[in-house]
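Asks: Sequence lines, in order, name chains A and B.
Numbering of the first sequence is given in this note's numbering, commencing with residue 1 and proceeding in unit increments.
Numbering of the second sequence is given in this note's numbering, commencing with residue 321 and proceeding in unit increments.
Watch out, some of these pointers could steer you wrong.
What the hints assert, rightly or not - Which residues of chain B face chain A? A partial, calculated answer using Cβ under 7 Å:
#1 456
#2 500
#3 522
#4 540
#5 542
#6 555
#7 567
#8 569
#9 571
#10 586
Hints in this document: simulated from the structure, not taken from any laboratory.
Think of the CB as a built atom: it goes at the ideal place given N, C-alpha and C, for glycine as much as any other residue.
There are 2 protein chains.
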Amino acid sequence: MTSVRRPVCVIGLGLIGGSVLRAAARAGREVFGAADVAVPDQRVEPTVAAALDRAAREDALVVLAVPLPAVDEVLRLVAEHAPACLLTDVVSVKEPLIEAVARRLPSARYAGGHPMAGRSASGWAAGSADLFDGAPWVVATEEDTPRDAWRAAAELALDCGAQVVPTTAREHDAAVARISHLPHLLAAVLAATGADGGSLALSLAAGSFTDGTRVMGTRPELVLAMCEGNRGPLLDAVDDALGRLGAARGSLASTGGLASTVRAGHEARLALEDLRNAGREEFPIDLSDPEAFETLRDLGTAGGRVLRMDGDTVIGALPA
Amino acid sequence: MTSVRRPVCVIGLGLIGGSVLRAAARAGREVFGAADVAVPDQRVEPTVAAALDRAAREDALVVLAVPLPAVDEVLRLVAEHAPACLLTDVVSVKEPLIEAVARRLPSARYAGGHPMAGRSASGWAAGSADLFDGAPWVVATEEDTPRDAWRAAAELALDCGAQVVPTTAREHDAAVARISHLPHLLAAVLAATGADGGSLALSLAAGSFTDGTRVMGTRPELVLAMCEGNRGPLLDAVDDALGRLGAARGSLASTGGLASTVRAGHEARLALEDLRNAGREEFPIDLSDPEAFETLRDLGTAGGRVLRMDGDTVIGALPA
């Protein structure tokens, strides 16, 4: 394996891409990148094509960090300029990425990625080297994911301070529909319903409304690219939420009671806090084992993380 | 007017009542109180009846700080032990309080109140003297609200570091349904829908889910008392949210687009931030003016606040 200390080429230098570049540099990696907007940093190449040419020369790991609608065009450039490079991405959905790579660059050694970190501000200036510290970072772990691509993507995540969550693209997309895309949609609904109450209502808004609408400070284009790109799983999550909200409405109208809704919400929040406060039981996984990916996916399903890698040995940690 | 520096008697010493007691003491007010649970503080009388007897002796302002379901019983004790005292409350709905006071203590000199501050933790230990600093604190401003009761309630709010929002009970209840009770219900729906995604989903949850479900850390009993006590206005708000979420669902299923939902949410969030960042234009209101309450209500409707009082002169501030 030669992936260790491979240079990192980041295409797209918004909040996430810009933070990946800084975080990888912090870990001592050689980094460079490009974006379709001017970025005031000496590590930025003049064009995407120039960055990819350099990636090909230096055998860099190429990281796609553009919004989903721009992925196809960037993949076309990768196929032209750096077709043999190891490839990963930090885009918020994974099945559409796998499909796009299969379409544009079927020979790619590719493992998808998704760091679960963000803030409402966007763009290069909002990024920071510590954005991913301690955060989960999904690395797609399909049956046919090339091992060298998986290692390179996982190594990048760990170098950036994150913990790797191995799972399939399908499971990832279903999960983020529930814990990322649905929260954005509910925040939009909440913000608009509150603002309909006029200045008095907004003037009275305290923590519950402020927190519940915070992500609506994000640029709409970014939210739309993320949510619309995960249409099927998001529809399932919205239907689930509509069912629960409708049931609460019916119960409030008929008996006046909301106990089952509120108690379920409370239990769920405690489950989140319990998972975060749980101890961790570490164990090694041998990447050369033919069952390694299955073990890794089971780790992800159970809420576990990969904490570090040492050669062929991956150290996983399960909540305990 | 003799309300200045009147002692404050707080009945109910949970997060809010306990914070009112500490904040009023910080302002130099004489304070005491009682609760139906043991509270380790020397300012606490052994029983509610004893506290109310003392309130009657010292002509204190009595502050009801118990959950809505307990209000009737406390009002019964007030009627028995301190019927002539000025009365306010810090309960999260206002029309049901007006009705309860009219039923139990029709002669009361009463002005309802509601500080818009909180945190997920509850109980005496979670309270603090600075909980209300800069927060809006509604003082119900009905046609028939006694002026001395209004002044006493507003003075308490200002002494506690809050800013007074004058409005009617009806407008208050409609507003808080949208910016406090609906956020709790949506947080419950979001938490449960996320947890249905299992440990993988909870493990991936980042800021949007964490923030959107934070208030579900609150004890369910408190959320239920608050939401169920505002049934009619909350039904209107839930119907509005259901309509918006259903429209988003329909649009996502048919065209794949969520632009109108997300853009409306973004605009609403910007309206909130604009209101908070707006300058303030101060002007005086003479409480002895027969139109004073109408002016005060207009101030509240426009998102304004009362910043201080000096004798009969109230200083209002409009967003500018």
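Asks: Grab the minimum C-beta distance from residue 500(B) to chain A and call the hint holds if it beats 7 Å, violated otherwise.
Replies: Since chain A brings a Cβ to about 6 Å from residue 500(B), closer than 7 Å, the hint holds.
Asks: Does residue 456(B) pass the interface hint, meaning its C-beta sits closer than 7 Å to a C-beta of chain A?
Replies: With a closest approach of 5 Å, the residue 456(B) hint holds.
Asks: Would the stated hint for residue 522(B) survive a check requiring a Cβ distance to chain A of less than 7 Å?
Replies: holds (5 Å)
Asks: Against chain A, with CB atoms and a cut of 7 Å, does the hint on residue 540(B) hold up?
Replies: Hint holds; residue 540(B) Cβ to chain A Cβ min 5 Å, cut 7 Å.
Asks: Per the CB criterion, is residue 542(B) less than 7 Å away from chain A?
Replies: violated (10 Å)
Asks: Using Cβ atoms only, decide whether residue 555(B) comes closer than 7 Å to chain A, and label the hint accordingly.
Replies: holds (6 Å)
Asks: With a cut-off of 7 Å, does the beta carbon of residue 567(B) approach a beta carbon of chain A closely enough for the hint to hold?
Replies: Violated - the Cβ of residue 567(B) stays beyond 7 Å from chain A, reaching only about 9 Å at its closest.
Asks: Any CB of chain A closer than 7 Å to the CB of residue 571(B)?
Replies: Residue 571(B) check fails; min Cβ-Cβ to chain A is 10 Å, beyond 7 Å.
Asks: Does residue 586(B) pass the interface check with chain A, least Cβ-Cβ distance below 7 Å?
Replies: holds (5 Å)
Asks: Does the CB of residue 569(B) sit less than 7 Å away from some CB of chain A?
Replies: holds (5 Å)
Checked against the numbered hints above, the structure breaks hints 5, 7 and 9 and satisfies the rest.
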